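> Sequence:
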Amino acid sequence: MIKKNKYKDLLIPIIVFSVGLCTFSYAIIKYDALFIFSGDNFEQEYLFILGGIKRIKAWNFSVYDWSAGFGADFLIYAFFSSPLSLCLSLIKENLLKYSIVYLQIFKITMTFCFAYLWISKLSKRKTTIWIGALLTAFSGWVFRYYNFTHFLDGYMFYPLILFFVEKYFQNNEKIGLILIIGILGIINYYFLYMSVPLLFIYTLIRYFDINRNTIKLKTVLVDGFRYAGWLALGAGLSAFVLIPCAILFIKIGRFSGTEDIQIFSHIGLNDMFRIFSSIYTPIFNFFSYNPFISTWQSGDLGWNGGCTLYLYMLTPLLFPLLFKLNDKRKKRILITVFLTMLPLIYFKSFYFILQRTIDTRWFFIITLITIYALTAILDEIFEGKINNKWIYISLICNLFIVLVIFLFSYKSGFNEISQLKILMNELTPCYLLMGVEAFVLTRKVRWKQLLPIVLCAEIIYTGTVYCRSNVPLKRDFFEPEGKLEEAINYIQENDSGLYRIQLDMSTMPEYYKQANIPFAYNYSGTSIYNSTYEGEMSEYYERINNGLWIFNQLIGRQEMYNQLASKYFITFGESEMIPLGYEKVYTTQSDYQVYKNENFIDLGYKSEKANINEFENLPYLYQDMLMQQITYSPAAAINENIAWDKNLIHLGTMPDQSYRELYLKENLDDGILYLDNRGIPSLTLELYHDQELIFSDSFDQFDYIDLHINKENKINRIVIIGDDIYETHLYMDVYFKPRMAYANVESIFNNTLVNRNKITSQLHLNESSFITTSIPYNDGWSVYIDNMKVDIEKVNLGFIGFYAKKGDHMIEFRYRTKGKLIGIVISLICLSVLIINYILSRKRGKSA
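In my numbering, the protein residues as written are 1 to 848.
Since the hints were derived computationally from the structure, they do not count as laboratory data. These figures come from a predicted structure and were not determined experimentally. Watch out, some of these pointers could steer you wrong.
Here are the simulated EDC-like pairs of lysine to aspartate or glutamate, each with C-alpha atoms no more than 20 angstroms apart in a straight line [claimed, not checked]:
hint, residue 1, residue 2
1, Lys389, Asp327
2, Lys806, Glu608
3, Lys324, Asp359
4, Lys596, Asp670
5, Lys324, Glu383
6, Lys758, Asp779
7, Lys57, Glu45
8, Lys348, Asp359
9, Lys121, Glu486
10, Lys57, Glu481
11, Lys596, Glu493
12, Lys54, Asp379
13, Lys805, Glu746
Label-pair distances were calculated between CB atoms; the ranges are [unchecked claim]:
hint, residue 1, residue 2, range
14, Leu664, Ile422, 28 to 38 angstroms
15, Glu383, Leu339, 22 to 32 angstroms
16, Ile835, Arg814, 43 to 53 angstroms
17, Arg212, Pro343, 50 to 60 angstroms
18, Lys421, Gln449, 56 to 66 angstroms
19, Ala232, Lys843, 19 to 29 angstroms
20, Lys389, Val445, 11 to 21 angstroms
21, Leu339, Ile12, 31 to 41 angstroms
22, Glu692, Leu753, 29 to 39 angstroms
23, Ile835, Arg756, 24 to 34 angstroms
24, Val833, Glu614, 36 to 46 angstroms
25, Gln657, Gln492, 44 to 54 angstroms
Even for Gly, the Cβ is constructed at its ideal location relative to N, Cα and C.
I would like the entire structure built from these sequences, with the hints used as guidance.
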C-alpha cells in the first residue's frame with residue numbers, strides 16, 4: 001500500500017509536466033525547442049546563465065566581478081544560488097539553449113506541486129485542489145514573466161510559503177516557515193522583499209478567518225508580534241546575503257528618482273481598462289500582451305504599458321459568486337480585502353512602495369489571493385450551497401462584459417476592425433470553454449470532477465496561442481556561441497593585469513550587441529547592465545547613456561578609453577573603425593581580430609586635482625576634455641583657471657535643421673573628428689571628399705560622437721541627417737584633433753596583477769602626486785601603500801583616487817563586501833536561536 005501511494009503521488013507531477021509539454025508543444029516542434037524571446041530579456045538572461053555556468057564549473061566566484069561594466073559586487077547576481085541555476089551547470093553549454101523550455105516547464109510543475117500542498121490545507125476536495133494548483137502554476141502572471149528564468153525560481157516558492165503559513169496556523173509548526181523564508185532570501189533577495197506584502201495580506205485573511213470567535217485587540221497584537229518575530233528570524237537566516245545586497249542596491253540609480261510620483265498620483269483610464277480587460281484575455285504577444293489595448297496608448301504602467309490578471313475563464317465566471325458565499329464571515333473578509341486592494345492598483349505611490357518602479361510584477365499577490373477566494377467558492381458549489389442559477393447569471397453577465405470590452409476597444413481606436421476579427425477568432429474558444437465550465441459546474445458531482453480536464457484544455461489552447469504569438473530567437477543567434485571565447489582566452493592567457501576589452505559592435509554578429517557579453521565570457525569589458533552596475537558610478541554612466549543601460553562602445557570617448565584601462569579591441573573580420581593607436585596582435589580560426597592599444601594606461605596615472613565650478617553642467621565633450629588634463633574632484637578647492645585644450649580645433653557649427661551640411665576649407669586626415677550632439681537622439685552621419693562618400697553610419701546617443709580619420713581619407717564635407725524631436729534648438733559644433741596631439745599620459749604603474757579580490761602593482765613617482773585610477777569607487781575598496789592603509793577619494797565622477805609620496809612603492813587594492821561581516825553575524829545568531837528553539841520545543845513535546 002505504501003508503494004502504491006508513492007507511485008500515486010509521483011503521478012501528479014508527471015501529469016502536470018505532460019500538460020506543460022502539450023502547452024509548449026508548438027514551440028518545441030516549430031522552434032526546435034529554442035523558445036527564447038528576442039529582446040533584452042531572455043537574450044540578457046541567456047548570457048547571465050552562460051557566464052554563471054562557467055563560474056560554477058570553474059568554481060571561481062570572486063567577491064568582486066569585473067565583468068559587470070566597471071565592476072560590481074558579485075552578490076548582485078544572487079539568483080545563481082538557486083538550486084535550479086546550480087543544476088544548469090550539469091548541462092553541456094551547447095545543449096543549454098535546448099533545455100530552457102523544459103526547465104521552465106519543470107519550474108511550472110514545481111509551482112503546481114507547491115500550490116497543491118498549499119490548497120490541500122484549505123480544501124479536502126481533490127477537484128478544488130487541482131483547479132487551484134493549475135490556476136497558480138499556469139496563470140497569466142507566469143506566462144507574462146516566462147522569459148525571466150529567475151522570476152519563476154522565486155514565484156514557485158510563494159505557494160510553498162503559504163503552505164507553511166497554514167501549518168503555522170493549524171499546528172503551530174514554525175520551523176518550516178522560518179527555514180523557507182531564509183532559503184528564499186538566499187536564493188533571491190528581491191522575491192523575499194516581494195513576499196512581505198503577500199504575507200501581510202494573506203496572514204490577515206487567515207488570522208481573522210481561523211480566529212473568528214476569539215478576536216481581541218490584545219490577542220491580535222501579541223500574536224502579530226510573535227508571528228512577525230518568526231518571519232524576521234527567517235529573514236535573519238539570510239542576512240549574510242540580504243544586508244550586503246541592500247547596501248549595494250541603495251546606490252543603484254534605477255531604484256531612485258521617485259520624486260515625480262506624488263502621493264495621490266494615479267493611473268489613467270487606459271491603464272484601468274488594460275488591467276480590467278486583462279482578466280478576459282490570455283497572454284498573446286510579449287511586447288503587447290493585452291490585445292484589447294495598444295501598447296502605445298498606455299506606456300507607463302508596467303513594462304510595455306500593461307499587466308495581466310488572467311487566471312483562465314473560470315475565474316471571471318466564479319468570482320462574482322463571492323457575493324453568494326454562505327460563509328458570511330469569509331465573504332466579508334474577502335470582499336473587504338479586495339476593496340482594500342483597489343487603492344494599491346489605482347495610486348502610483350503604491351507601485352513604488354511595492355516595486356520601486358511603475359511595474360506590475362507584484363500582481364501575483366492579487367492572483368494568489370484570488371485563487372484562495374476561488375477555493376472557497378468552489379467548495380460551496382460542490383456542497384450545493386450556491387444555487388446553479390447564479391452560475392448561469394454570472395456566465396451571461398461575463399459574456400456581456402466581453403462584448404462591451406470589444407466595443408470599447410473598437411470605439412477608442414485601440415484596434416482596427418480587422419485586428420478585432422483576428423482577436424475574436426483567437427478568443428472565441430476561450431469564451432466557449434467558459435460556457436462549458438458553467439455547464440459542468442451545474443451538473444452532478446461526477447460531472448464537476450471533469451472541470452480540471454476542461455481547464456487543462458484551455459491551458460493548452462492558450463499556451464499554443466502564446467507560442468504562436470511570440471517568435472523566439474533564431475538558431476543563428478546561438479551560432480557564435482563559444483567562438484568569441486577563443487579571442488578572450490588568448491588575451492587572458494597572455495595578460496594577467498587589469499585591463500578592459502572593447503568589442504566592435506559594427507562588425508559583431510547580432511548576438512554580440514548585448515550588455516552582458518563580458519559576464520558571459522568572464523572578462524573585464526565596458527558593457528553595463530543597469531541592475532548590476534557599480535552604484536557609485538551613476539554620475540559617470542549618465543554621461544554615457546541616459547538610460548543607464550548599455551555603455552556605448554567605441555562611439556565616443558576614444559581618448560577616455562585609454563584612461564579607463566581599455567587595452568584590447570576585438571572585431572569580427574576586418575573593420576574600418578579601428579581606434580587610433582591599436583595594432584593587430586591575433587586572429588582566431590573564426591576570424592575574430594584582436595587589437596592591442598599602444599596608448600594603454602596601466603591601472604592609473606598622476607594628475608593635478610581640481611574642482612571646476614558647474615563642471616557637471618558642462619557639455620559632455622567638454623567634461624571629457626577637461627578630465628584628460630586634470631582630475632575632477634568635488635572635494636578640491638574651486639579652480640577656474642584650467643587651460644582649455646588648445647589642440648582641439650573648432651571647425652564650425654552646423655545649423656538647427658533636419659539636414660545639416662558643413663564644408664571644410666582644408667581636408668581632414670589622421671586625427672579625431674568630434675561632433676557635439678546635444679539634442680538629436682538618432683542621426684545619420686556622412687563624411688565626403690567632394691562628392692565621394694567616405695563613411696556613413698547611423699548613431700543613437702545623446703552626447704557626442706568621435707570618429708578617427710585615417711591618413712588615407714581626405715574629408716572636406718560633413719553631412720548630418722536627423723530630426724530634433726525634443727525641440728532643444730541646439731546647434732551642433734564640430735571639432736578636430738590631429739593625431740600628433742593625441743593625449744599621452746606617463747605610465748607610473750608596473751607589473752599589475754589581478755588576483756580575485758586583490759590587485760597588486762608597483763608604483764614609481766618622481767615626485768609626490770595625486771593618483772587617479774581606473775578602478776570604480778566603492779566603499780568596499782581599501783588601498784595600501786607599502787602595507788599602510790591610505791585614504792581614498794571618489795574622483796572623475798566615480799573612480800578611486802589617492803595621494804602617494806615620491807619614490808617606489810608596492811600598492812595593494814583590497815576589496816571586502818560592505819555589510820557582509822555583520823550579515824554573517826546576524827545569520828549565525830538567528831541560526832542559533834532557531835536551533836535552541838527547536839531543541840526546547842522537542843523537550844516540551846516529550847515532557848507533554
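> For each hint given before, does the structure comply? Return the numbers of the non-compliant ones in rising order.
Numbers 3, 9, 12, 14, 16, 17, 18, 22, 24 - these are the hints that the structure violates, sorted from lowest upward.
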